[in-house]
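Engineer: Next come the chains, spelled out residue by residue.
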Amino acid sequence: MRKKLLAAAAAVLLAGSLSASAADKLKVGFIYLGPVGDFGWTYQHELARQALVKEFGDKIETTYLENVSEGPDAERSIEQLVRAGNKLIFTTSFGYMDPTLKVAKKYPNVHFEHATGFKRDKNMGTYNGRFYEGRYIQGVIAGKMSKAGVLGYIGSFPIPEVIMGMNATILGAQTVNPNIKVKIIWANTWFDPGKEADAAKALLDQGADVIMQHTDSPAAMQIASERGKLAFGQDSEMIKFGPKTQLTSIIDNWAPYYIRRVQAELDGKWETDDVWDGLKAKMVVMAPYTNMPDDVKKLAQDTEAAIIAGKLFPFKCPIVDQDGKTVECKGGDHLDDGQVLGMNFYVKGIDDKIPGK
Amino acid sequence: MELLEPIILSILAASTPLLIAATGELVTERSGVLNLGVEGMMIVGAACAFGGAWLTGSVIVGAIFGIVAGVLLSLIFALMALGLAVNQVATGLALTILGVGISGLIGAGFVGERITPAPHLYIPGLTDIPFIGRILFGEDAFVYLSLALLAGVWLFLYRTRGGLILRAAGDSHVSAHALGYPVLRIRLYAVMFGGACAGLAGAYLPLAYTPFFIPGMTAGRGWIALALVVFASWRPLRLAIGAYLFGAVTILQLHAQAFSLGIPSQFMSSLPYLATVIVLVLISRARTGGSTAPAALGNTFVPDR
Chain U
1 MRKKLLAAAA AVLLAGSLSA SAADKLKVGF IYLGPVGDFG WTYQHELARQ
51 ALVKEFGDKI ETTYLENVSE GPDAERSIEQ LVRAGNKLIF TTSFGYMDPT
101 LKVAKKYPNV HFEHATGFKR DKNMGTYNGR FYEGRYIQGV IAGKMSKAGV
151 LGYIGSFPIP EVIMGMNATI LGAQTVNPNI KVKIIWANTW FDPGKEADAA
201 KALLDQGADV IMQHTDSPAA MQIASERGKL AFGQDSEMIK FGPKTQLTSI
251 IDNWAPYYIR RVQAELDGKW ETDDVWDGLK AKMVVMAPYT NMPDDVKKLA
301 QDTEAAIIAG KLFPFKCPIV DQDGKTVECK GGDHLDDGQV LGMNFYVKGI
351 DDKIPGK
Chain W
358 MELLEPIILS ILAASTPLLI AATGELVTER SGVLNLGVEG MMIVGAACAF
408 GGAWLTGSVI VGAIFGIVAG VLLSLIFALM ALGLAVNQVA TGLALTILGV
458 GISGLIGAGF VGERITPAPH LYIPGLTDIP FIGRILFGED AFVYLSLALL
508 AGVWLFLYRT RGGLILRAAG DSHVSAHALG YPVLRIRLYA VMFGGACAGL
558 AGAYLPLAYT PFFIPGMTAG RGWIALALVV FASWRPLRLA IGAYLFGAVT
608 ILQLHAQAFS LGIPSQFMSS LPYLATVIVL VLISRARTGG STAPAALGNT
658 FVPDR
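Taken in sequence, the protein lines are chains U and W.
Per my numbering, the first sequence starts with residue 1, numbered consecutively.
Per my numbering, the second sequence starts with residue 358, numbered consecutively.
Among these hints, one or two may not hold up.
[As the list claims (entries may be wrong)] Far from chain W, some chain U residues (derived; all Cβ distances over 10 Å): (1) 47; (2) 53; (3) 64; (4) 122; (5) 125; (6) 184; (7) 185; (8) 188; (9) 202; (10) 203; (11) 206; (12) 223; (13) 324.
[To be verified] To spell it out: a stretch of chain W is covered by chain U in this simulated footprint if at least three of its residues, at any positions, have a beta carbon under 8 Å from a beta carbon of chain U; those stretches are: (14) 561–571; (15) 574–584; (16) 612–623.
The set of hints was computed from the structure by calculation and includes no laboratory data.
In this text, a Cβ means the ideal position worked out from N, Cα and C, and glycines have one as well.
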C-alpha cells in the first residue's frame, strides 16, 4: 500500500514536471559580469536579452544572474542555471571560459555560448565582435579631429584584445595624419570611474585632445566634455555624458546573434560554432557620427562602407611593428584572424612599450 | 612646471574621498569598534547622494542624503555589533555586501542621468593668482570640508575631555565602564560618526569626482580607507599623510605612463599601495615602539548590569 502511494506520488510529481515542460518554453540563461546598469559591457548583453524576449515572446523564458565574478563562483552560478532547467546558456565574459567548459562537459545535453573565448566543445560555442574594425574608423576620425596631433588612449589590461584595438586606431589615424602620436595609460582595471577620470585628466593635461578608452565607464567622456575636448564612447551609446563631446561610439550589438542562436535551438538545429563578426554582420555598430565637420563624417562613413564591403582591412599588409620589422602576412593581403587574435606587438607609430614585454 | 598645477589639483580630488572615509573610521576604531563596512556605507552614500542631488538639483541636499544614508547603515551595524554583541568583523563584512546590494537597488533609477557637479570656490583676485590660486582658493567644498574634518577630529581626540573618554573606551572598555562612562553609547556615537563620514565620502564621488552614478563606482576605496587607518597607526596626521601620498602616487603614476617612461604599468599601478605602506610603516617605526592599536579594538563589550 505504502509503495503504491509512493509510486502514485511519484507519478503525480512526474506528471507535474512534465506538464510544466509541456508548456514547451525554451529556458535561456545568462551570466553577467557587471550589474545590468553598468552602461557598458553588461548593459549591451542585457539589451540583447530584452530583444530576445521581444522577438520570441512566450516561446522562451529568460533568466539572468548579474555581478557574477569570474572564477570558481562562476561555475556554481552556471550550474545553478542548468539545474533551473535552462537549455541554452550565454556566459558573457572572457573569464567564464574554463568554468563554462567544465559545466559543459558535465551536462552534454545543455548548450553553452561563451563570449570572447577560444575554448569550444560539442555543446559549447563561442562568439565575439570584431571591435577593431570600429576602432580603425575611430582612428581615422581622431586623426582628422585632433588639432594637437596627440591622441589619449586609456587601456585596461595589456591583452591582445586591447592591443589590437590600439593598433587598429593608430593605423586608421595614420591614413589621414602620418605623424599622429598616441599617449597610452593603462588603468589596470576594467571599471573604476574615478581612476578612469584621473587617467583622462592626465592625458588631457599632457596635451592629448581626443580621448579614447578600452575601459567601461563613461567617466573619461565626462571629463573630456568638462574640458571641451573630444572623445569616443565605449561598448554603448554614451552621448548623454558628452552631447558636444562624443564623436562616435563602438556599440556591441549582440541581439541578432542571440536571436539566431535561440531560433536554432528552438528548431533543434543548434550546433557548436565559432563566430567572430564585425560591422558587416552588425555585431559591431557605430553610433551616429557627431560633433565633426561633414567632410570627416563622410570619410568615416566611406571607411565604414569599405570595411563592410570587404574592400578595406584594418590590418592590411604590410604591417610594420614598432621595431621596423615587417610582420609576416598569413592572410593573403591582410593579417589572418589568428595573428589578430594573438596580437602582442605595437605597430610603427606607437612610441611606447607594451607593459611587461 | 605648467603640469604641476593640474597634477596637484587631481591629487587633491583623488585623495579627498579616502581622507574623509578614513577620518570617520579612525574615530570609530579609536572607540574600540572595528567597522569593516566602510565600502558598503560609501556606496550607499554615493547612490543616495546622487539621487538627492538629481531629484532636487542641489548638491548640498545630495551631500546630506549621503550622510544620512551612511548614518542609517551604520545604525544597522551598531544594532548588531553593539546592541547584540555580534562579532564585529562578520557584521562589518555583511554590511559591505548589504550596502553594495542596496546601492544597486536605489541607484538603478538614476543610472545614466547627469547632474551639475559641485561648484568650485572662486574668490576674485585670490583664485586668479598664478599657480597657487586655484590650488588654495579654487577647490570644491568637499576638499575644504575634509581638511576641517581632519583638524576637528585631531582637536577632539587630543585636546578635549570627550576625546580622552572616547580613547579610553577604545583602550580599555572595562576601565572606562568602571569609571562610570557609558561605553556603549560612546561607541554608538563613534560608529555613527564613522557612518556619516563614509556616506559623505561616497557622496563626493557622484557629486564632484565623476558626476554620474554607476553601481560599484566606489571601486574599493572604502577598503583603502580602512587600510590607511591601520597603516597610519590610528593617528589623524599620519592618516592625512597616507591619504595624500596614496592620491599623489596614483596620479603621478598615470602621468608617468603617459610620458611613456617604459616602466611596466602593472608595477606602476601597484606603486600607490607599496609607497603608502612603506612610508607609513617607516614613520610608525621611527616614532613609537610597540603596538599603537586601540587595545580593545574589535572586542565586543557587554556591560554587567
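Engineer: Going through the numbered hints above, which ones does this structure break? Give me the numbers in ascending order.
Structural biologist: The structure conflicts with hints 6, 7, 8, 9, 10, 11 and 12, although it agrees with all the remaining ones.
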